[in-house]
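Respectively, the protein sequence lines represent chains E and W.
Take the first sequence: its position 146, counted from the start at 1, is 146 in the working numbering, and no numbers get skipped.
Quick note, the working numbering runs 381 ahead of the 1-based positions in the second sequence.
Any given hint could turn out to be false.
Computed spacing ranges between beta-carbons, pair by pair [unchecked claim]:
(1) E:Gly171 <-> W:Glu989: 49 to 55 Å
(2) W:Glu850 <-> E:Asp34: 48 to 54 Å
(3) E:Ser107 <-> W:Gly981: 39 to 45 Å
(4) W:Gln892 <-> E:Thr53: 38 to 44 Å
(5) W:Gly981 <-> E:Asp172: 55 to 61 Å
(6) E:Ile320 <-> W:Ala853: 47 to 53 Å
(7) E:Leu80 <-> W:Pro856: 32 to 38 Å
(8) W:Pro856 <-> E:Ile320: 26 to 32 Å
(9) W:Arg835 <-> E:Leu80: 54 to 60 Å
(10) W:Glu850 <-> E:Glu132: 54 to 60 Å
(11) W:Gly981 <-> E:Leu80: 25 to 31 Å
(12) W:Gly981 <-> E:Leu252: 44 to 50 Å
(13) E:Asn125 <-> W:Glu989: 24 to 30 Å
(14) W:Gln892 <-> E:Ser107: 48 to 54 Å
Everything labelled a hint here was simulated from the structure, so no lab data went into it.
For every residue, glycine included, the Cβ atom is placed at its ideal position computed from N, Cα and C.
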Amino acid sequence: MAKQNPSKSSSSTTAKLKPRDKVTLGKIVTLADDVAKKALGGREPKLDIPTRTKSNTIWNKKQGILQMGSATAERELFNLNQAKQFMQTMLHASTIKEFINEGKTSSLRGVFYKAKHTVKGTNENTFDTQDESDPILEDLEVTLGSLREELHIFAENRGTLVGNITLLDKGDEINARKMGSGGWGIPSIVEPDVIEFRKCEAKFVLHVEKGTVWNRFNEDRFWEKHNCILTHGAGQPPRGCRRLLQRLNQELKLPIVCLLDCDPWGHYIYSVIKQGSISLAFESSRLAIPDAKFLGIRAKDYKECDLSEAVKIDLTDNDIKRAKEIAAYPWFEGHRQWQKEIELMLRNGFKMEVEAMITKDISYVTEEYVPQRLKARDWLE
Amino acid sequence: MTETALLDRPSVSEKTPRKKVTAETLATKQRDISVSEFFAKNRHLLGFDNPRKALLTAVKEAVDNSLDACEEAGILPEIVVAIEDLEEGAKPVKPGKAGEAPGKKPKSASSQRYRVTISDNGPGIVRKQVENIFGRLLYGSKFHRLKMSRGQQGIGISAAGMYGLITTGKPMVIQTRPDAKKPAHHIELAMNTKTNRAEVTTDEETDDFPLQRLRELSAGTKKLAASGEFLNPKDFPTGTSVSIELEGRYQKGRGSVDEFLELTAIANPHARIVFIPPGKVVDDEPDLLPEAKRGSKKGEEEPAEPAPKPAEPLVTTETDGVIVFPRAVQDLPPETKEIQPHPKGVELGTLLQMLKDTKEPTLYKFLQEEFCRVSSATASTLCEKIGKTSRTRVADVEPEDAEKLYREFQEVRLAPPPIDCLAPIGVQQLLKGMFKGVRAEFYAASSREPDIYRGRPFLIEAAIAFGGELPADEPARVIRFANRVPLLYQQSACSSFKAVTETNWRNYDLQHPRNSLPIGPLVIMIHMASVWVPFTSESKEAIADYDEIRKEMKLALMECGRKLGTYLRKRARMRRESQRRDIFERYIGEVAQAIHAINGTDAKKLYEVLLAQAKKRTAIADMQLDDEGKRVKDDPADSEGVLIVEQAAGSSDSPPSQLSKAEAAAIQVASMAKSRADESQGKLIKEPEEKKAKRGAGASGKPSKEVSPSAQGRSVPETAPPGADSKPKQKLRMKLVKGKWIRVDEGQSLF
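Isolated chain E, as found in the complex (with noise of 0.2 Å):
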């Protein structure tokens, strides 16, 4: 905790410390250094953190994918709205600073309560819930310029893989091919030093929204069938699924092919799997995939596989709202086909789940319609 003995350890650094954790730790003290030098000389201790908001993300064309922009935003100590949340960053950079000194890693609720107590003399917390920790470390890695392993944090292990892949997790073999039928759960570090790529026949991935879709394709060896690897993300991928695919697609030349709803949060996952999400613009560089490919379900899909009324949930004010939002991003707004798959979507006036397919037949998703599309190379990029 904060009230640690500085020189204890600092001193304890010797514990075999990675070069890279030398210049993560080496940035948090330059962070301290500068605090400190500006209050010791007399100055207002201010802290310069990069902003990540929509008005600071700015969409690169040319590679493709959202970026974070130059602007910062001050926080202040002596700045009533910005007094705790100062304070709270300071916090956690020592807390992070004691994980890597000590060799661990944490998740991100662990770093929550390793940063909570009371603050002296009061009855107020330093942090109250996850929601106000979380953020704060978002700041840190911005600030820092660090990657979230690199501050030794991870979150929940989300998303699964099976396929025809072998890989190397910390050292242990796992063959993906031989996964039964859960899978195995993708860690939220996957940089190559804790994940090597060994042997690799598949020839695509494709990437599911959920698990359930994921359960069938899985017990129907659709993979096996395909040659392929096959992946969910539990809805919104998290950023150690995104990676995974993107290492997938950039380091072995595997297309990415993602199975959505049709629907205004599906249109949004392929779009932050392809470019980004605006909160993680920072981050884009290695999570983007910019060729990714959306297969479905399209909006044509109720016409074209002739599917029954029961499949149609109908759009509410806020999906058509969102539907949009999303339709004017920069990225899809000149991108034709786009603009007419949601304007059919909005005229159909209902949205689709991948489940809904299950209608026509179990295995009509797995069987008929994911080949038929893939050999018709029928999707939107």
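Given the coordinates of chain E, assemble chain W onto it according to the supplied hints.
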């Protein structure tokens, strides 16, 4: 009254054929009704409707007379009010006693006999006038003139005596010494209601003045008398004492003698009033007024002031049951002038009467001499307008001419009546009076410029007290005064009540349900000064609702309200600021620790540096607040007439026993910047002339702007009571820190 109704009834219910009544037989029954007889039967008109109110009215009339007499004679009033319980141990009234009294009305079960004695140090009354003043209704000096005074009709004290006579059969006892070198008169007189004349039963000379009996009334009076603070003969070279035995009911609470005296003390800070309540108190009703009770509560907490003489406290004290309302200012209200009627204010009937009574030979002279604000040019114009000349004799003015004249009065352009006939209490005196009587944290007062209703000048003053010990979730208490006399009954019929409910208190951050009183720790005081206060009834309980009067009241309230709003908003802002300060201080420790953990910077040193910076930041914040405050103060209307009481510093720094003294010493009149205070102190001595001059100037044309400096000059800033000078009287500046007011010179201890 009931008995007449009883007499009438049988004749109505009789079934026998009616007797023929001739005009002659009727004529035998037709005779003069004496005024006294009329009021004896209609005593509710004078405020004697029930025993409790009767007791109050008797006290009220006597105190009003005493104050008026003292002021006219230029004497600082020293008034003693004693109520003696004449039925020892009497709970319910014994029937035997009732028989003793020849009162026509059976006593109500809860009433009992009291002797009310009011002594003053006024000029006394010359022997031959005693019967007229105390023994006749509608006899007095105040009815015929247009001058600001408490009494108006000359009914009061004699009616009280008559009530006493009716209920107990005992005559009024009067001691008066008009000449300091001669013995006092002791007179007992009873009024004959038929003849409206007094019958003197005892008339002798005595040296027993002021009354020895009162000094030995109780332990408290003996104690006070021994220290020279009670009925000291030195303080009573002349004076009058009236004793009335009457059937009454003594009970505290709203509309009680206690409340009346408390309010009188607020409106008359120049008077010292000592009140000796009866030993036995009928206390079967819960106390409605926490303020009224406060005096006694305080007395219990700090029993007797150990050294009573040197520092006379400015707040009400109690010694063994004797309540002393101290004198808060040493100056008498300025003397008021009598004025002649203003043409716009007279009614046709009055005009006819005036024409009949005048000694002036010509109409022209009549207009000029008997009215105010009628110049020679105006008089000639008026004469011409009604087809007369300036030489027309008054005797030749026919009633129809008078009617024409009356109409011309309404048309003609005239200056408003002079206003030096009014004596406002004054902003500073109002604040001192309120501070003496009401425990609050914020006081504001405003004194309006005189205005006119029906040709009569009047002036409205208002004051509010907020916060402190006042109950926070009850409707505001409204205290009303007319010519410095508290009005205790018929609140909702009073113009002032309407003014309070019509003022939008929400503008000043107060809760205010529609058409009712605002809710909050608030006391609202309204004073109307006028040569003729338009009461709704003879018992003088409510002010009639004239638009002009209500408008002025609302303006005065709004002025006070604005000051309160400014204060409340400022207080809220300062609370926010102090929270902000807290937040900085709170997080600095964490930040220092975190940085220490990262790079080994000396946490203590860093903490101190950051704390110093936080202090600097707060200092900047303070300065900004001060600057803002100053910017506000540039508008004198906001800071004039405001009194803010130090509250919290005392409780934390000094033992509670010293609190009241510390409080008394630490009153600060925030409004008065140093220079102004000095200035007005200098002005104080020659104040009356200056005021008159300014008033005169103001009255000549537009009466508004020019008068305002005099209103400020009139304020008596630091007229400390004698002896209080020994206390340090430095100017205290106050500031809100952490939501509490503290003295600025103590500010350093905060960090």
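Status of each hint after checking the structure:
1. Between Gly171 of chain E and Glu989 of chain W the beta carbon distance is about 51 Å. The supplied range of 49 to 55 Å therefore holds.
2. The hinted window of 48 to 54 Å between Glu850 of chain W and Asp34 of chain E holds, with their beta carbons roughly 53 Å apart.
3. Separated by about 28 Å at the C-beta atoms, Ser107 of chain E and Gly981 of chain W break the suggested range of 39 to 45 Å.
4. Checked against the hint of 38 to 44 Å, the pair Gln892 of chain W and Thr53 of chain E passes, with Cβ atoms roughly 41 Å apart.
5. Roughly 39 Å separates the CB atoms of Gly981 of chain W and Asp172 of chain E, a value that falls outside the hinted 55 to 61 Å.
6. With their beta carbons about 51 Å apart, Ile320 of chain E and Ala853 of chain W fall inside the hinted range of 47 to 53 Å.
7. For Leu80 of chain E and Pro856 of chain W, the hinted distance range of 32 to 38 Å is satisfied, since their beta carbons lie about 37 Å from each other.
8. Against the hinted window of 26 to 32 Å, the Cβ-Cβ separation of Pro856 of chain W and Ile320 of chain E comes to about 53 Å, which falls outside the hint.
9. At about 58 Å, the beta-carbon gap between Arg835 of chain W and Leu80 of chain E stays in the expected band of 54 to 60 Å.
10. Evaluation of the 54 to 60 Å hint for Glu850 of chain W and Glu132 of chain E yields a failure: the beta carbon distance comes to about 42 Å.
11. Range check, Gly981 of chain W to Leu80 of chain E: Cβ separation about 30 Å, and the 25 to 31 Å hint holds.
12. At roughly 46 Å, the beta-carbon separation of Gly981 of chain W and Leu252 of chain E lies within the given 44 to 50 Å, and the hint holds.
13. Distance hint for Asn125 of chain E and Glu989 of chain W: a CB-CB separation of about 25 Å, consistent with the stated range 24 to 30 Å.
14. Checked against the hint of 48 to 54 Å, the pair Gln892 of chain W and Ser107 of chain E passes, with Cβ atoms roughly 50 Å apart.
Against the hints set out earlier in the document, violations occur for numbers 3, 5, 8 and 10.
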